[in-house]
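Peer 1: Residue numbers (the numbering used here), protein chains in the order written: chain A, 1 to 285; chain B, 1001 to 1357.
Derived from the structure by calculation, the hints contain no laboratory data. Source: prediction; values computed, not measured. Glycine is no exception: its CB is placed at the ideal position from the N, C-alpha and C atoms. Don't take each hint at face value.
[Stated by the list, open to error] Label-pair distances were calculated between CB atoms; the ranges are:
id	chain 1	residue 1	chain 2	residue 2	range
1	B	1172	A	201	30 to 38 Å
2	B	1201	A	269	51 to 59 Å
3	A	9	B	1056	34 to 42 Å
4	B	1073	A	226	34 to 42 Å
5	A	174	B	1239	47 to 55 Å
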Amino acid sequence: MTSIGWRIVKLVAILAIVVWSVGPILIGISTSVSTQREVNAVPTRWVPEEPTLNAYHDLLGGTSSQRAGGTVTEKGTFTRSISNSAFLSVVSTAIILVVSTMAAYAFGRLRFRFGGALLAILVGTMIVPIFVVVISLFKILADHQLIDSRRGLIMVFVATLSPLATWLLYTQVREMPAEPEEAALIDGCARWQAFVRIVIPQMSSGIAAVAAIIVLSVWGEFLIPLLLTSTMNAKPVTVQITEYVGKYTTNYPILAAAGVLALIPPALLALVLNRRITGMLAGSS
Amino acid sequence: MSGTISLESVSKRFPGGVLAVDDLSLEVEPGEFLVLVGPSGCGKTTALRMVAGLEPVTSGQIRINDRVVTRLPPRHRDIAMVFQNYALYAHMPVRGNMGFGLKMAGVPKGEIRRRVDEAAAMLGLTELLDRKPRQLSGGQRQRVAMGRAIVREPSAFLMDEPLSNLDAKLRVEMRGEIIRVQRRIAAPTLYVTHDQTEAMTMGDRVAILRDGVLQQLGTPDEIYDHPVNVFVAGFIGSPSMNLITATLEGSAATFGGSRLDLPRRAGLAAYDGRQIVLGIRPEDFDTAGAGALELTTNRVESLGSELVAYLDCGQPGVEITARLERRAGVEEGRPVRLAVDLDRLYFFDPESGAAIA
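With the hints as constraints, model all of the structure from the sequences given.
Peer 2: Next comes the structure, spelled out in structure tokens:
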């Protein structure tokens, strides 16, 4: 009896979590294929009677400010913001992975002066909230003409996220047996060759996991790009979406469609990398 | 392809100040299989890692094939090493693992293939060449690790407890296999183990290390028959030698309630009236013969072919171990009279532990 009761409790808990996290997405999808009128209808219609892709059309195809009901959807701005987000995520993650993998290996394996202190400082920076440094950050970037540029944003992302990546990979290096590397050193490798040919493949599951974490963090970043961008030069989708919230009226279908489209790339990535990570964890010996 | 490995006054002090290896000198002759043995923490693995170049040398010199390698990185030492946990490259198939060293050396692909196939045939790995390490059993991984070492045709082999992760039966099998392969390759081999049975059965010569200091270097028989001190005497041989503190009175040694008339030994004269450590190997007891001891049997273990009896000699804290034939007629809790082979007694100084000539 208790086991059945327990199973019901578990089931309810799981359902609650699923509803909590999937519900808003479903509402978003439903809203995105509704018309503005249906969205405002009372009582609330959860499923539109006449589904339409107009909101997506407006968003991706561009202009029709009448149909958009006051929301400005200039041709290409949304796709540009998506491509900004993709560029920022991919390039930042690539740089962070290169830097952090090497740093993690150095901290985890090599003995060097002040190694421990350096690692402590690096990890310590994670405690400092970005708000504390945002003003000086703005000034530094402004002094170097890096405001509203993808380069500037990438620099900030690399600086703020590489400590986390380094720390995660460092713990992995510490758990990894040193013998395969040593065998490679004896088998004719210089240190860097052993790193590239033996250590990196050994770390691949951890690197994939960290890559996913970093890509998703950058993709979801809002405050930093909000403060450091002003035009479509560098504005990512998270910031662009807020443009669809009008001062007096908001076109909810367009807002929702933007949200749904912004969700697709990270969702796909999570799906693909999740499979990869579990596959590797299951296969590691 | 016959070289030598030589260590000259090699010491290792770790950053914390621990002296792991203290002034170690030994030479592995061409084609020789030399076993470095000692209890855990005695510095044997550190010594091996210094020869491999994985651990910097604090002082002294290491030569491989008459070439000084003390400061060279591992890749320039022309050695191969087999690790305790095999250290295979998990992301490569067996063929990739075995050929990796040759690939790094720039050997042409066809030649790598030929040599890997040859080594695989020698080790019975031909069927497994396309498997990944995780698909192999412990014994198979061990063979791959051996194969990876031999395809390189190095000047010297280093092995760090390669059998300790295998089960007992496989360990015995692999012992023979390693020796067979090493004889065929004929490269000098330095083999580290904590297992005295491995040392005795595999080594051409055995070096015994304790607290970083070399105790004795010799053939298994030399070490067994003439241990230089109490430590070596107790370490080599299974069950271990009985070491009993006894008092020397004239030509007799007394301990507990027993008295043994000793044969004449020049070195013993100086110990008259003093204590000595008396060493008796468990197999040097017999139910018949001269020089008898009156003992009480505490416990008997049957090994099938023979018995191991644990006996009380009347001296507190000392239990004598004896290997006896099956029909020796010892029974738990009963007194027994056992003869000792007087010519095979060992004597040690109780303070220094050194053997008395």
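Peer 1: If a hint holds in the structure, say so; if it doesn't, say that too.
Peer 2: Do the hints match the structure? See the list:
1. Hint check: residue 1172 of chain B to residue 201 of chain A, Cβ distance near 35 Å, so the stated range 30 to 38 Å holds.
2. Taking the beta carbon of each, residue 1201 of chain B and residue 269 of chain A are about 57 Å apart, inside 51 to 59 Å as hinted.
3. Roughly 59 Å separates the CB atoms of residue 9 of chain A and residue 1056 of chain B, a value that falls outside the hinted 34 to 42 Å.
4. For the pair residue 1073 of chain B and residue 226 of chain A, the beta carbons lie near 51 Å from each other, so the given range of 34 to 42 Å is not met.
5. In this structure, residue 174 of chain A and residue 1239 of chain B break the distance hint of 47 to 55 Å, their C-beta atoms being roughly 41 Å apart.
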